[in-house]
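Chain by chain, the residues:
4 protein chains.
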Amino acid sequence: MIIIMKPGASQEQLNKVMKRIEAEGLNYQINQGSEQVVFGLIGDTRSIQDVAFRSYEGVEKTLRISNTYKLTSREFHPQDTIVDVDGVKIGDGSFVTMAGPCSIEGLEQIMETARMAKAGGAKILRGGAFKPRTSPYAFQGLAEEGLKYIRQAADAYDMKVITEVMDEGHIDMVAEYSDIIQIGARNMQNFKLLSAVGKTGKPIGLKRGISGTIDEWLNAAEYIAVEEKSPVIFIERGIRTYETATRNTFDLSAVPLIKKLSHFPIIVDPSHGTGVWDLVTPMARAGVAAGADGMIVEIHPDPANAWSDGPQSLNEKTYLKMMKEVDLLVEAMKKIKAIENE
Amino acid sequence: MIIIMKPGASQEQLNKVMKRIEAEGLNYQINQGSEQVVFGLIGDTRSIQDVAFRSYEGVEKTLRISNTYKLTSREFHPQDTIVDVDGVKIGDGSFVTMAGPCSIEGLEQIMETARMAKAGGAKILRGGAFKPRTSPYAFQGLAEEGLKYIRQAADAYDMKVITEVMDEGHIDMVAEYSDIIQIGARNMQNFKLLSAVGKTGKPIGLKRGISGTIDEWLNAAEYIAVEEKSPVIFIERGIRTYETATRNTFDLSAVPLIKKLSHFPIIVDPSHGTGVWDLVTPMARAGVAAGADGMIVEIHPDPANAWSDGPQSLNEKTYLKMMKEVDLLVEAMKKIKAIENE
Amino acid sequence: MIIIMKPGASQEQLNKVMKRIEAEGLNYQINQGSEQVVFGLIGDTRSIQDVAFRSYEGVEKTLRISNTYKLTSREFHPQDTIVDVDGVKIGDGSFVTMAGPCSIEGLEQIMETARMAKAGGAKILRGGAFKPRTSPYAFQGLAEEGLKYIRQAADAYDMKVITEVMDEGHIDMVAEYSDIIQIGARNMQNFKLLSAVGKTGKPIGLKRGISGTIDEWLNAAEYIAVEEKSPVIFIERGIRTYETATRNTFDLSAVPLIKKLSHFPIIVDPSHGTGVWDLVTPMARAGVAAGADGMIVEIHPDPANAWSDGPQSLNEKTYLKMMKEVDLLVEAMKKIKAIENE
Amino acid sequence: MIIIMKPGASQEQLNKVMKRIEAEGLNYQINQGSEQVVFGLIGDTRSIQDVAFRSYEGVEKTLRISNTYKLTSREFHPQDTIVDVDGVKIGDGSFVTMAGPCSIEGLEQIMETARMAKAGGAKILRGGAFKPRTSPYAFQGLAEEGLKYIRQAADAYDMKVITEVMDEGHIDMVAEYSDIIQIGARNMQNFKLLSAVGKTGKPIGLKRGISGTIDEWLNAAEYIAVEEKSPVIFIERGIRTYETATRNTFDLSAVPLIKKLSHFPIIVDPSHGTGVWDLVTPMARAGVAAGADGMIVEIHPDPANAWSDGPQSLNEKTYLKMMKEVDLLVEAMKKIKAIENE
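Quick note, the sequences are listed as chains A, B, C and D, same order.
Residue numbering for the first sequence follows full-length UniProt numbering, starting at 1 and increasing by one per position.
Residue numbering for the second sequence follows full-length UniProt numbering, starting at 1 and increasing by one per position.
Residue numbering for the third sequence follows full-length UniProt numbering, starting at 1 and increasing by one per position.
Residue numbering for the fourth sequence follows full-length UniProt numbering, starting at 1 and increasing by one per position.
Hints are not guaranteed to be accurate.
Quick list of in silico lysine-lysine cross-link-like pairs, DSBU-like style, CA-CA up to 30 Å [unchecked claim]: (1) C:Lys321 - A:Lys89; (2) D:Lys324 - A:Lys61; (3) B:Lys335 - D:Lys317; (4) C:Lys61 - B:Lys70; (5) B:Lys260 - D:Lys199; (6) D:Lys199 - C:Lys192; (7) A:Lys19 - D:Lys61; (8) A:Lys6 - D:Lys70; (9) B:Lys334 - D:Lys334; (10) B:Lys321 - B:Lys334; (11) C:Lys118 - B:Lys61; (12) C:Lys192 - D:Lys260; (13) D:Lys334 - B:Lys118; (14) D:Lys19 - D:Lys6; (15) A:Lys337 - C:Lys118; (16) B:Lys335 - A:Lys317; (17) A:Lys6 - D:Lys260; (18) C:Lys334 - C:Lys89; (19) B:Lys19 - C:Lys337; (20) B:Lys334 - D:Lys324; (21) C:Lys148 - B:Lys16; (22) D:Lys61 - B:Lys321; (23) C:Lys70 - B:Lys19; (24) C:Lys118 - A:Lys324; (25) D:Lys229 - B:Lys321; (26) C:Lys337 - A:Lys324; (27) C:Lys148 - D:Lys335; (28) C:Lys148 - B:Lys61; (29) A:Lys324 - C:Lys70; (30) B:Lys89 - D:Lys192; (31) B:Lys337 - D:Lys321; (32) C:Lys118 - A:Lys335; (33) B:Lys335 - D:Lys61; (34) A:Lys335 - C:Lys19; (35) B:Lys6 - C:Lys192; (36) B:Lys335 - D:Lys6.
Because the hints were derived from the structure by calculation, they are not lab data.
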């Protein structure tokens, strides 16, 4: 950490800062510039808050040099982590598709969607049993009934399940039916929930918050990683910006950035990332080319009658077409990865 | 609700939309424009999702005309709601100050802060016992021990308590010690928590989410309002934008906007809104002038040694000075409110 | 256009709105809903401002249904426009690379860069002779001297030139040396400049403004299109959001979205889009896969000594590697486009 | 400036950085941390780009400590600059109102508006003769004819004039009729225009760009200040964020922040800041209380028939009421400023 004093900071102010640094068990070097003094802290500053020093009179800025997410960081763990979802590998260089409806609406709907998903090559079935909704008057999900249906459908088509948990009290229930536990965007910084799912041992699909920074996202993963049981799968799903032509702004740069900073895999969600079904296919392709380890996509046998997220769902025809295109790019990416590793 | 068809939508596409409108138990009028057809829906559309129609082929856009937050809306309840916090009134035209540290650090610290707060005229003591932290390695709060201390300090100085609850499992505990239950920015859309605190009957201080829209905030309040027990106090605390010179962008326009759209009171948080102590006083003044019903502000006997949020905390001297300035503006606002009501 | 009245709007308020609609030479249909009245305007509303109606008492909202960028719109011109840059086609299904330094620094530098660019397969040489700089103390470009150098270098390697014009007074000069005239992000809404370059007949590379919406961008193109001389090439270069881990947030969804809404081609700028050289290659790949018609990328023989934008520039080795990867994806996209057109 | 090397940077990489520092004529101190090396540069780094160093291999980050806007900075010029607009002082502790229509529509309209403006206490008349419009089909302003009208109206009521210049070619013309030259939000970084108006000697009203950071705004002012002829008046007019309930997000924190960082005065524009007339009065009040030196506000004799910006314009009645309220707060602020200066 670096502490930059204001020009003209007094000796007394310098002394107070030095005393605090020592009290934290750290050493420092002093840079005496032409206008101001800069302290360089020496030692493990991970548990120290840089803001603490910003409260001292005479301090202008502080700058954290090392990150605070040790276990999530690639620095600490240079090799890629490959997540094994009961035999389906994520992060091993392949591209894994998770497909399904926004909401589980009934057994028939999820069975039919599983059939579609499987036909296109998806290995994991998605579907929500608990739905966070902006308005209290909207449909809130089928709960455990829905979980049973999605498990049954996945088993029928030899697929795995990913589904969201929103509440600590439901973790055991969701873990019983699901192979991957998803943390939704609204809960990216629900720290108690993160710690709790981190204890399950199940892989955790961690969506980026709607206004989550890359740094906050990595720190959120750290809450899971410190439990040392569950691997993390990052899910980029778009962020909130001033642009309203798409539902969110799909930040695909997050893919190579997360791969640079962390050893955990990252997949993309072009459905929420765009919010419009006819942008889903090109952005799914872009996700493959950016280097993602997979995608999660919303499909529905009859989007016009979906209970939620119909406008961003693909039907059977558009989904199968997308998967053909994605497969062609996955092939090209195999050659590209060989170049990258030269 | 209005449904706008694409230019050249087929009769079959129009028929499907009309059939769905009827299936929802609504009527419609058709506007046959020169280029496209527009449906105007007639009936209570509150429980219908406009997105459902956007999934139909041939539909270009939908527009919701009436809002979805009935009980929170001023339309439904034209008079201001005055929240009575055990004798302290919020929303009655007065300006109520809530002051205290970010974190409760110990009995001595909170007692000393309560003394300061009271001396400046604050009637409500704030302080966090559970702290959501970006990094798992940072201080997470004193929990129930902290709640006991803040209650003791408030009682000693004849003040009321506001403190945050982050977890459904802690609601009873927090309700036992606190007069107002605060929902933090990260939980603005933790819908299960909102429903649960709405059942306590305690006033709920509802912070705006870091990227919450005004519309989402009003809908979040609706989750509390539908329980018909707890009144809501909106707390504007700044939003996340591209600007990094301040910690957040303090959106003071939210004050007159919320007052126009809802009957519940709104207070401001210039500490989080700016993140820098020397901007707190001018923005507290601006909050008074914008018409807020009060403010919540971070103070600390020794900001440099605060365990969290030191940089945005006022010390005794700067706090007392701010309160003198605020009082002068509160006086001026009394005359202004008389003009407004002419 | 649709005009939505407030619930309880008076007959007098309705009359005033109707009178204004008629004064604008338009007809209307009235929707009498259960709570409010909605007018649907009939006729060409392109030249009418919807805000005008929002000033009337009793009006709650207005909604524009048809867009305001007629000549740019795909509705008006369903076939793709193929831009012919003196023999190099953009928008014909191929993927065209424009490469070069941020600033033209001298003849030697630009000759060397042209050699590199050509070796990788770029057909168009980029380089700035006028540099808009945040600080008045930074290097501002070589001006006409630079234009001469880039022309000479492009000719030596049988390439075309794209370079930026920032000032109406320089248009003739830039048009003399350049094959494509670039409008920078800061000038996306410099309407007088847009009109002026639109008269040159040269293709215009129109960068998206740093906070430009898709709708504003299309309207900016319309300023060029109404001159009916110069075709437009949209350039997505990232937008400003709260995220600071990348220089901008690269909004790749703009690629399929612009292709849906307009007939003009769109290329991507992964250098400005990310701001970090090691993210450029994956995002260039993603641009190909999203369906872009080309890219513009910053390369430099010695990025560490570049006069500007060094951190986002590729050197010869990284550039050539990127181009190999891009070529593999371009091949895959040929097969994909065949599927798309099935 | 501080340069932070990556953990594990090689000695060769360190050497290259040191060589470059020396080549720039600067000295440095080295901080050898436990994980990485940090260089502290010594000397005047204002003309050096920190990005240059980010292009070196082995460099992780750079941090600029001193700002780049010397003449605009309060550090350089501790006393407030009082701008004298032909006898009307801005920045002397008073609160100056500039009022008028968005567009000058004709002599009668501007005369009537001047009468209104004067009656409320405004000393400066605003009005646009050149209008930047998103769509090329919208009204673009009366040009010189409009300038003549506003001058005539201001003279008739003993007021000063502020009006916008959008084009370098019009500066002489605008300077002939106007007392303050306004640079609009879209031109905040039109650096050639900034330099040119800086040579006129007239005070320059510099609007913040729609996505301009505080730092960019101060640097834009520096382009004017380096000409050493024209003083700057900052105008906060709202920034673009994800929130759409208001036209812009009015960033009032900019008022105390600019006052802290610069010696030039700052005024606020609650009309563009909110975009809705019934939010203008509370936000004008908030501007006074935040410490602004004045405001610029849109008024119109008949907002419903204004040619532009009608929805955010006040009519005579609402304007006069606002001015009464503002006056009461200006009185209170006199006492508050006395406290501040204690």
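Results for each hint:
1. At most 30 Å may separate the alpha-carbon atoms for a hinted pair to count; C:Lys321 and A:Lys89 meet this at roughly 28 Å.
2. Only pairs whose Cα atoms come within 30 Å are accepted, and D:Lys324 paired with A:Lys61 is rejected, the gap being roughly 42 Å.
3. The suggested pairing of B:Lys335 with D:Lys317 holds, with an alpha-carbon distance near 18 Å, which does not exceed 30 Å.
4. A C-alpha spacing of about 19 Å is found between C:Lys61 and B:Lys70, which places the hinted pair at or below 30 Å, so the restraint holds.
5. Using a Cα cut-off of 30 Å, the hinted pair B:Lys260 and D:Lys199 is violated, with the two alpha carbons roughly 46 Å apart.
6. For the hint pairing D:Lys199 with C:Lys192, the CA-to-CA distance comes to about 22 Å; that is within 30 Å, so the pair holds.
7. Taken as a hint, the A:Lys19 and D:Lys61 pair is honoured in the structure, with Cα atoms around 27 Å apart against an allowance of 30 Å.
8. Of the pairs offered as hints, the one joining A:Lys6 and D:Lys70 holds, with about 16 Å between alpha carbons and a cut-off of 30 Å not exceeded.
9. Between B:Lys334 and D:Lys334, the direct Cα distance comes to roughly 17 Å. Compliance with the 30 Å bound is thereby established for this hinted pair.
10. At roughly 21 Å between alpha-carbon atoms, B:Lys321 and B:Lys334 fall within 30 Å of each other, so this suggested pair holds.
11. For the hint linking C:Lys118 to B:Lys61, the alpha-carbon distance of about 46 Å lies beyond 30 Å, and the restraint is violated.
12. Simply put, C:Lys192 and D:Lys260 have alpha-carbon atoms about 36 Å apart, too far for the 30 Å limit, and the pair is violated.
13. Note on D:Lys334 and B:Lys118: the hinted pairing holds, with a Cα-Cα distance of about 26 Å set against a maximum of 30 Å.
14. Distance restraint check for D:Lys19 and D:Lys6: the Cα-Cα separation of roughly 18 Å lies within the 30 Å cut-off, and the hinted pair is therefore satisfied.
15. For the hint linking A:Lys337 to C:Lys118, the alpha-carbon distance of about 24 Å falls within 30 Å, and the restraint holds.
16. Between B:Lys335 and A:Lys317 the CA atoms are separated by roughly 67 Å; this puts the pair beyond 30 Å, and the hint is violated.
17. Between the alpha carbons of A:Lys6 and D:Lys260 the distance comes to roughly 14 Å, so the proposed pair stays at or under 30 Å and holds.
18. Distance check on the hinted pair: C:Lys334 and C:Lys89 sit about 16 Å apart at the alpha-carbon level, within 30 Å; holds.
19. Proposed proximity of B:Lys19 and C:Lys337 is contradicted: the alpha carbons are some 37 Å apart, above 30 Å.
20. A C-alpha spacing of about 13 Å is found between B:Lys334 and D:Lys324, which places the hinted pair at or below 30 Å, so the restraint holds.
21. The straight-line distance between the Cα atoms of C:Lys148 and B:Lys16 is roughly 63 Å, outside the 30 Å bound, and the hint therefore fails.
22. With a C-alpha separation of about 40 Å, the suggested pair D:Lys61 and B:Lys321 falls outside the 30 Å cut-off, and the hint is violated.
23. A C-alpha spacing of about 33 Å is found between C:Lys70 and B:Lys19, which places the hinted pair above 30 Å, so the restraint is violated.
24. As the CA atoms of C:Lys118 and A:Lys324 are separated by approximately 34 Å, the hinted pair breaks the 30 Å bound.
25. With a C-alpha separation of about 39 Å, the suggested pairing of D:Lys229 with B:Lys321 is violated against the 30 Å cut-off.
26. For a cut-off of 30 Å, the pair hint linking C:Lys337 to A:Lys324 stands: about 11 Å separates their Cα positions.
27. A C-alpha spacing of about 63 Å is found between C:Lys148 and D:Lys335, which places the hinted pair above 30 Å, so the restraint is violated.
28. This hinted pair does not check out: C:Lys148 and B:Lys61 have alpha carbons roughly 50 Å apart, beyond 30 Å.
29. Taking the CA atoms of A:Lys324 and C:Lys70, the gap is near 35 Å; set against the 30 Å cutoff, the hint is violated.
30. For the hint pairing B:Lys89 with D:Lys192, the CA-to-CA distance comes to about 56 Å; that exceeds 30 Å, so the pair is violated.
31. Straight-line distance between C-alpha atoms of B:Lys337 and D:Lys321 comes to about 11 Å, which keeps the hinted pair within the 30 Å bound.
32. A distance of roughly 23 Å separates the Cα atoms of C:Lys118 and A:Lys335; the hinted pair therefore holds under the 30 Å criterion.
33. Between the alpha carbons of B:Lys335 and D:Lys61 the distance comes to roughly 54 Å, so the proposed pair goes past 30 Å and is violated.
34. For the suggested pair A:Lys335 and C:Lys19, the alpha carbons sit about 67 Å apart, so the restraint of at most 30 Å is broken.
35. Straight-line distance between C-alpha atoms of B:Lys6 and C:Lys192 comes to about 33 Å, which puts the hinted pair past the 30 Å bound.
36. Simply put, B:Lys335 and D:Lys6 have alpha-carbon atoms about 61 Å apart, too far for the 30 Å limit, and the pair is violated.
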